[in-house]
Amino acid sequence: MSDLIHASAVELAAQIANKTVSAIEVTQAHLDRIAEVDGRVNAFLHVDADGALEQARAVDHAVASGQALSPLAGVPLALKDVLTQTGVPTTAGSKILEGWRPPYDATVVERLRDAGVVILGKTNMDEFAMGSSTENSAYGPTHNPWDLERIPGGSSGGSAAAVSAYEAPLAIGTDTGGSIRQPAAVTGIVGAKPTYGAVSRYGLVAFSSSLDQAGPFARTVVDTALLHSVIAGHDPRDSTSIKEPVPDVVGAAKSADVSNMRIGVVRELSGEGYQPGVQARFDEAVELLRAQGAEIVEISCPSFTYALGAYYLIAPSECSSNLARFDAMRFGLRTDDNGELSAEDVMRHTRAAGFGPEVKRRIILGTYALSSGYYDAYYGQAQKVRTLITRDFEAAWASVDVLISPTTPTEPFRIGERVNDPVAMYKADLCTLPSSLYGGPAISVPIGLGDENLPVGLQVMAPVMADDQVYRVAGAVEKALAQQWGGLLLDQAVAL
Amino acid sequence: MSAISRDDVAHLASLARIELTEQELNDYAGQLDVILTAVASISEVAADDIPPTTHAVPVVNVFRDDVVTPSLDRDSVLDHAPAAEDGRFRVPRILDEE
Chain A
1 MSDLIHASAV ELAAQIANKT VSAIEVTQAH LDRIAEVDGR VNAFLHVDAD GALEQARAVD
61 HAVASGQALS PLAGVPLALK DVLTQTGVPT TAGSKILEGW RPPYDATVVE RLRDAGVVIL
121 GKTNMDEFAM GSSTENSAYG PTHNPWDLER IPGGSSGGSA AAVSAYEAPL AIGTDTGGSI
181 RQPAAVTGIV GAKPTYGAVS RYGLVAFSSS LDQAGPFART VVDTALLHSV IAGHDPRDST
241 SIKEPVPDVV GAAKSADVSN MRIGVVRELS GEGYQPGVQA RFDEAVELLR AQGAEIVEIS
301 CPSFTYALGA YYLIAPSECS SNLARFDAMR FGLRTDDNGE LSAEDVMRHT RAAGFGPEVK
361 RRIILGTYAL SSGYYDAYYG QAQKVRTLIT RDFEAAWASV DVLISPTTPT EPFRIGERVN
421 DPVAMYKADL CTLPSSLYGG PAISVPIGLG DENLPVGLQV MAPVMADDQV YRVAGAVEKA
481 LAQQWGGLLL DQAVAL
Chain B
1001 MSAISRDDVA HLASLARIEL TEQELNDYAG QLDVILTAVA SISEVAADDI PPTTHAVPVV
1061 NVFRDDVVTP SLDRDSVLDH APAAEDGRFR VPRILDEE
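Line order of the protein sequences matches chains A and B. The first sequence: position 26 = 26 (the working numbering), numbered continuously. Residues are numbered in the working numbering as their position in the second sequence, beginning at 1, plus a constant of 1000.
Rather than coming from a laboratory, the hints here were simulated on the basis of the structure. It cannot be assumed that every hint is accurate.
Partner residues aside, some chain B positions facing chain A, computed with beta carbon under 8 Å [unchecked claim]:
(1) Val1009
(2) Gln1023
(3) Gly1030
(4) Val1034
(5) Ile1042
(6) Ser1043
(7) Thr1053
(8) Ala1056
(9) Arg1064
(10) Ser1076
(11) Asp1086
(12) Gly1087
(13) Ile1094
Heads up, the beta-carbon is just placed ideally off N, CA and C, and yes, glycines get one too.
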């Protein structure tokens, strides 16, 4: 049975379709694995065993009656607790939403259901996706399966840990400034941020609306691409949704052909602050790509240096506005409603009790950056810098097809190490912020272990709606390294 | 770019409708100052003639057809309200007694 938890999504779907194994057995194997290890990992906030088994049963019925199946039918998945699923608790990692059971499905959830994907439960995250370590969850930190004393990255740390701990072969995360790519890198798996607007935000609890984007996690590039193709596509319920066909990410991932591709190495995303082991693995990956026929060019993107400053003004500004909806009136927590206090005071007390420290910090920072007298110097200037970052990308596309960098400057740090130093925490996102501000697709793929024997990721960034290109390069890297290692990086982790 | 004081934080918290403790006011004043110093580098960028970017992928005026579609069921929405009465949200008083 334990082979079921180590199998890829492609293998599981094939075995379910040809009746070697039932979807129920696959789901039960993963529920058993969660029961076995999640006490130590804390990837899940809620396990929906009954719901998952019911979805699996429906897939088995479809198999028995000879219906056509989607390529991921019956494969279990872990869902970040920031997406609504009817009747299933959705907290966004916050006390302010504790106990809330949304009355509707996110579009992502609807698409997963339609594809027969089995949703095992909701995963832990930094509160409202604000963080880089999953330590800002109101429900305790998630632990990195490679070393339980380390952070699994964030904010989608629960989803990344679930996949790397073999609790699920697939997971959904969301990425605002790196919240899929950075956790994927530090847990040794694959994670992609699709082009902004490629995946519907309907039913995604908003943090920074101009940046938030849901995307896939898996242990292989092809599995990641398959999940991408299930969740992407136009949705009239999201006005920022792109009305264009989804690029052939699965075909690109399978081809893994980078011959004659022009690949740019970003000069600004290296040097001081980058661990030697991270830089060494990155340099080796560059040589692997060159050996497969890619042309490697160094590219300078001078405005990337300002991405951290622009992001940590834009995202808190949008968050201070978005989180105004948590007003204690219509849903979620309400405290101290004793008949004496006014609605406004109840609101103040509820938000004080319901929000954690990082969320309060960002709301106040955003309120400041948007206030009259400071708007031009902070929010306005940050939006102009965003334009310059976009221009750097567009200039790069004149000479290269994709840009690459390390996904994170360092290996995963220890739980507790950066909690009292917000700026040190923010620097975990240094490499992932530029393409978030630009809006193009980006992926992280494992490229080895660093100085502390912990995972290192390679980031591939591409032009808007060229999502297939990031999968092509990630596929090539995975294939070349699989020949060296005889498998995946994750095979080198100590079993939990 | 100016430093941020404890009183500034109290004012901002009031605008954002968050009741902060004395400890939080002091902690945030120090931390926000550090964060603002870290992001201040963006002011070095000469960008007077650069247009702002508000959204990654520009889209304007997205309309749907003017067709009535079902809304969420009222009871399922009120089920998760902090308080409900007579098919409505029940809220604390919003006006003074007089």
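We went through each hint and held it up to the structure:
no., hint, verdict
1, Val1009, "holds (6 Å)"
2, Gln1023, "violated (11 Å)"
3, Gly1030, "violated (11 Å)"
4, Val1034, "holds (6 Å)"
5, Ile1042, "holds (4 Å)"
6, Ser1043, "holds (6 Å)"
7, Thr1053, "holds (4 Å)"
8, Ala1056, "holds (2 Å)"
9, Arg1064, "holds (6 Å)"
10, Ser1076, "holds (4 Å)"
11, Asp1086, "violated (16 Å)"
12, Gly1087, "violated (14 Å)"
13, Ile1094, "holds (5 Å)"
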